[in-house]
Amino acid sequence: MKKAENRMKLYLPSLSINESMARSVVAAFIAQLNPTIEEISDIKCAVSEAVTNSIVHGYRYNQGEIYIGVKYFSDRTVVIEIKDKGCGIEDVKLAMTPLFTTDKTGERSGMGFAVMQTFMDRLEVWSKKDKGVRILMEKKLK
Amino acid sequence: MKAVFDNENPQIVFENGILSAKILGDIDHHCAKYVRERIDSSIFEYKPSIVLLDLSSVDFMDSSGLGLILGRYNTASEMGAEFRICSPSSGVKKVLELAGIERIIKIEGDLRV
Ligand SMILES: Nc1ncnc2c1ncn2[C@@H]1O[C@H](COP(=O)(O)OP(=O)(O)OP(=O)(O)O)[C@@H](O)[C@H]1O
Ligand SMILES: [Mg+2]
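As you go down the protein sequences, you meet chains A and B in turn. The opening residue of the first sequence carries number 0 in numbering that gives the first Met the number 0; numbering runs sequentially from there. The opening residue of the second sequence carries number 0 in numbering that gives the first Met the number 0; numbering runs sequentially from there.
What the hints contain is simulated information worked out from the structure, not anything from laboratory work. Be aware that a few hints might be false.
Okay, derived cross-link-like pairs now, SDA-like style, lysine to any residue, Cα gap no bigger than 20 Å in a straight line [unchecked claim]:
| id | chain 1 | residue 1 | chain 2 | residue 2 |
| --- | --- | --- | --- | --- |
| 1 | A | Lys103 | B | Asp39 |
| 2 | B | Lys92 | A | Ile36 |
| 3 | A | Lys128 | A | Asn61 |
| 4 | A | Lys103 | B | Lys92 |
| 5 | B | Lys92 | B | Asp39 |
| 6 | B | Lys32 | A | Glu106 |
| 7 | B | Lys92 | A | Gln116 |
| 8 | B | Lys46 | B | Ser19 |
| 9 | A | Lys141 | A | Glu89 |
| 10 | B | Lys32 | A | Lys141 |
| 11 | A | Lys84 | A | Leu98 |
| 12 | A | Lys84 | A | Glu106 |
| 13 | B | Lys93 | A | Leu98 |
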């Protein structure tokens with residue numbers, strides 16, 4: 000296993016005001032690699048999706064903790080891990096289907112996982128009902 | 000009739016039957032609720048024939064923005080108004096394209112002078 004060149008860890012309470020903070024902190028960390036504007040924008044969007052899901056779905060407006068870990072390697076691969084200990088997902092494959100949403104307000108499009116999948120090179124999701132969600136995303140910068 | 004509310008997000012202007020809502024800054028889940036309430040209440044108040052969502056001052060948008068846009072499209076349609084988006088940045092455009100928004104909603108280019 001190759002060793003990460005640099006790493007950071009961030010623990011946040013699941014407040015919606017932290018959504019912009021989370022993506023900005025990750026962007027600031029990744030900036031060390033001189034990414035393109037598009038790469039930064041893609042990564043910010045993917046982080047925002049995962050963190051928002053933990054807040055909106057995982058903790059359903061109750062408070063809980065969100066973990067964000069980021070590391071990068073000498074080959075410019077960025078690995079981002081985001082975890083919550085919320086309600087979890089019963090059927091991960093179904094949840095990842097574009098346009099699928101359990102939201103009842105009509106204000107969600109069910110495109111969060113599609114964004115993560117498209118904007119990153121690799122996305123893996125582990126979850127069980129009541130066991131929270133763990134997301135691993137990877138993107139190799141140019 | 001013309002109504003302008005300054006220093007508010009979104010900036011709302013109603014003129015000649017067109018309600019334009021200019022969103023300022025990032026669009027995410029945190030800000031979506033307030034923006035949505037302001038746009039919807041303006042649509043109900045002014046009953047415009049066109050609702051224009053101006054994205055020229057938005058640098059960042061995630062899927063919460065898609066929900067916001069589709070929700071306002073629905074409100075406008077229910078009120079008999081046409082709904083359009085204008086001036087998305089390249090990052091915002093990428094999210095709109097991923098969701099195929101342009102198949103449902105007219106997206107105008109850069110309207111800035
Ligand atoms: N952290 C999580 N905890 C519990 N359920 C989750 C979590 N993340 C996603 N889900 C479930 O997966 C579904 C799909 O997530 P996705 O982000 O693709 O869409 P959405 O959040 O419903 O809508 P959008 O992201 O477009 O606003 C959610 O509706 C929810 O049921
Ligand atoms: Mg989501």
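Right, here's what the structure says about each hint:
no. : hint               : result
1   : A:Lys103 / B:Asp39 : holds, 18 Å
2   : B:Lys92 / A:Ile36  : holds, 14 Å
3   : A:Lys128 / A:Asn61 : holds, 17 Å
4   : A:Lys103 / B:Lys92 : violated, 26 Å
5   : B:Lys92 / B:Asp39  : violated, 23 Å
6   : B:Lys32 / A:Glu106 : holds, 9 Å
7   : B:Lys92 / A:Gln116 : holds, 17 Å
8   : B:Lys46 / B:Ser19  : holds, 12 Å
9   : A:Lys141 / A:Glu89 : violated, 36 Å
10  : B:Lys32 / A:Lys141 : violated, 37 Å
11  : A:Lys84 / A:Leu98  : violated, 24 Å
12  : A:Lys84 / A:Glu106 : violated, 24 Å
13  : B:Lys93 / A:Leu98  : holds, 17 Å
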